[in-house]
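In our numbering, the protein residues as written are 322 to 828.
No lab work stands behind these hints, which were simulated from the structure alone.
Everything numeric in this text was worked out from a predicted model, so none of it was measured.
Even glycine gets a Cβ: it sits at the ideal position worked out from N, Cα and C.
Treat the hints with care, since some could be wrong.
Derived pair list, reagent style DSSO-like, types lysine-lysine, alpha-carbon separation capped at 27 Å [claimed, not checked]: (1) K443 to K699; (2) K443 to K574; (3) K668 to K449; (4) K449 to K574.
The calculated label-pair distances, taken between Cβ atoms and stated as ranges, are [to be verified]: (5) I706 to T417: 10 to 20 Å; (6) Y601 to I468: 29 to 39 Å; (7) L539 to L616: 42 to 52 Å; (8) L420 to N478: 22 to 32 Å; (9) L539 to Y480: 19 to 29 Å.
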Amino acid sequence: MFYGWVVVVAAAVIRILVYGISYTSGVVYVVILENFRTGAAETSWISSLITAMTFLITPLAGVLVNRFGWRIVSFGGGLLACTGLLLSTVAADLLTLCLFYGIVTGAGCGIAYMSGSLAVPKYFQHQKIQNLAVGIASAGGGVGSFIFPPIVRYLDNEYGWKGMFMILGGIVLHICVFGLLYRPLPNRDENENPTRKTKRQSSVHVPEPNDWSFLCSLTFHFVAANNFLYSFGASIIYGHLAAYAQYHLHINKTDAAFLYSVIGISITIAKITQGLIADYHKVHPLFKAINQYILFYSIGGIATGFLLVDAGYAGLVVYCVLFGTSMAANGGSLIPAILMELFGQNKLSLPYGMVLAEMSIGTTLGAPAAGWMYENLKNYHYPFIMASASMLLSALIMVYPRRFLMRPSKENNAMIHEIEIEAPDRDTKRNMTTETTLFIDAQNTEKQEWREFSQDTDGADIHGQKTNRSVPGVNYEYERENQKFQDNYKTLAENTKLISGGLEENT
């Protein structure tokens with residue numbers, strides 16, 4: 322447990338550095354405009370590319386983590402990010418800068434980011450404070466968003482844009498140091514006495530489905546689309562808020578950069594709070610991750626609409642507080658909690674990586690689209706309307722996944738009760754029950770998807786009592802999947818009874 326908190330601290334520091342580089346792109350955007358004298362639309366690719374690559378690389382990063390481990394992958398990510406920033410100092414044009422700063426640096430940040438995102442939930446697997454631990458680790462991103470904008474502006478004023486990139490390269494190299502703290506989880510079976518060893522081996526072995534089977538889930542695609550839409554709108558704010566404050570509200574550069582720090586403070590506080598509340602979802606259903614998720618996304622969309630009103634600098638600060646609170650739901654503990662509830666705790670890496678990849682696509686398109694719109698209309702109101710609508714729509718479509726996450730799990734509880742798990746002590750029984758619940762949840766999710774598919778295809782029902790001639794094979798496919806579910810369930814029950822009997826003999 323103690324070293325788990327060391328991993329949390331390491332992940333938090335790495336997120337400070339990753340977000341400090343990626344999410345100050347709005348400040349860097351202004352620096353590039355001043356030094357390269359390029360148009361708003363083409364320069365917007367700078368702020369979009371680095372943030373997009375940070376998340377677009379995450380599916381590959383998940384595969385690398387599974388192959389090489391958290392420590393090696395995070396170390397390599399730090400080296401790659403440092404290399405990209407150092408090479409940015411020799412960029413002679415915008416295209417080269419997009420390559421080194423946007424793609425290379427962004428890819429390194431994304432690889433380092435994903436390592437911690439997978440390590441922390443694994444260290445706190447099946448523990449009541451899992452969401453809190455993830456929230457604390459992810460809060461590092463808010464700290465980075467708070468402290469780095471003034472640092473970037475100071476470095477540009479004192480050393481120029483080349484010196485700024487060089488010093489940032491040295492700072493981001495610390496990712497390698499903290500990445501080495503991602504110690505792999507020990508194989509406790511080798512060091513435990515025979516009695517403890519028997520207890521460790523007593524958990525039910527859960528059959529692993531196809532790793533990519535979540536792509537067949539309509540619910541997953543709703544979650545992915547949600548992240549695309551929200552990131553599309555949020556990237557407009559991140560990419561253009563400083564320019565809007567400076568050129569339209571005539572706010573000085575330092576105060577404009579401070580707005581990103583306000584967002585960072587709000588993100589930090591909200592991420593920890595959201596994770597803590599999510600851990601107490603049994604107290605009240607409104608505390609569940611999905612309900613917080615929809616609420617804070619809606620707040621972000623509604624608050625963005627108020628940018629159309631000129632409320633001065635104080636109004637912008639209030640907006641940044643609300644927007645930062647909304648952004649916390651996008652990059653904190655809520656998305657992992659939702660995905661683990663849908664697909665199981667042991668299957669987080671691929672669904673989470675794919676969701677982050679969808680997020681990166683929205684991030685890539687948002688700021689350039691707003692830049693193009695501004696160049697043609699010479700008004701930031703229209704990009705902000707587009708951002709507000711996108712974020713509100715992202716909250717609306719999560720109503721579909723919510724109906725699965727909020728339904729009572731009577732079917733699951735009945736199955737667990739029917740198996741009648743027996744174990745010599747409370748801890749062993751709790752571990753066996755947790756593994757059993759995860760298996761049944763995964764099977765029921767798959768079963769529910771087939772049920773919906775069957776009902777949505779012109780009359781075919783879950784028992785195949787109606788013949789659907791327009792969609793041949795629907796009933797056969799459902800019955801085949803249903804039979805597979807029943808076979809797996811019977812196997813689980815038999816294995817559980819065998820394990821329980823073996824435990825009684827050993828004790």
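Now the hints, each set against the structure:
With a C-alpha separation of about 49 Å, the suggested pair K443 and K699 falls outside the 27 Å cut-off, and the hint is violated. A hinted pair counts as satisfied when its Cα atoms are at most 27 Å apart, and K443 with K574 does not qualify at roughly 42 Å. Among the hinted pairs, K668 with K449 is consistent with the structure: their alpha-carbon atoms are about 18 Å apart, no more than 27 Å. For the proposed pair K449 and K574, the alpha carbon gap of about 44 Å is over 27 Å, so the pair is violated.
Taking 10 to 20 Å as the suggested C-beta distance range, the pair I706 and T417 does not conform, at roughly 34 Å. Take Y601 and I468: their Cβ atoms lie about 30 Å apart, and the range 29 to 39 Å holds. Between L539 and L616 the C-beta distance comes to about 23 Å, which lies outside the given range of 42 to 52 Å. Separation of L420 from N478 is about 26 Å and conforms to the stated range, judged on CB atoms against 22 to 32 Å.
The hinted window of 19 to 29 Å between L539 and Y480 is violated, with their beta carbons roughly 52 Å apart.
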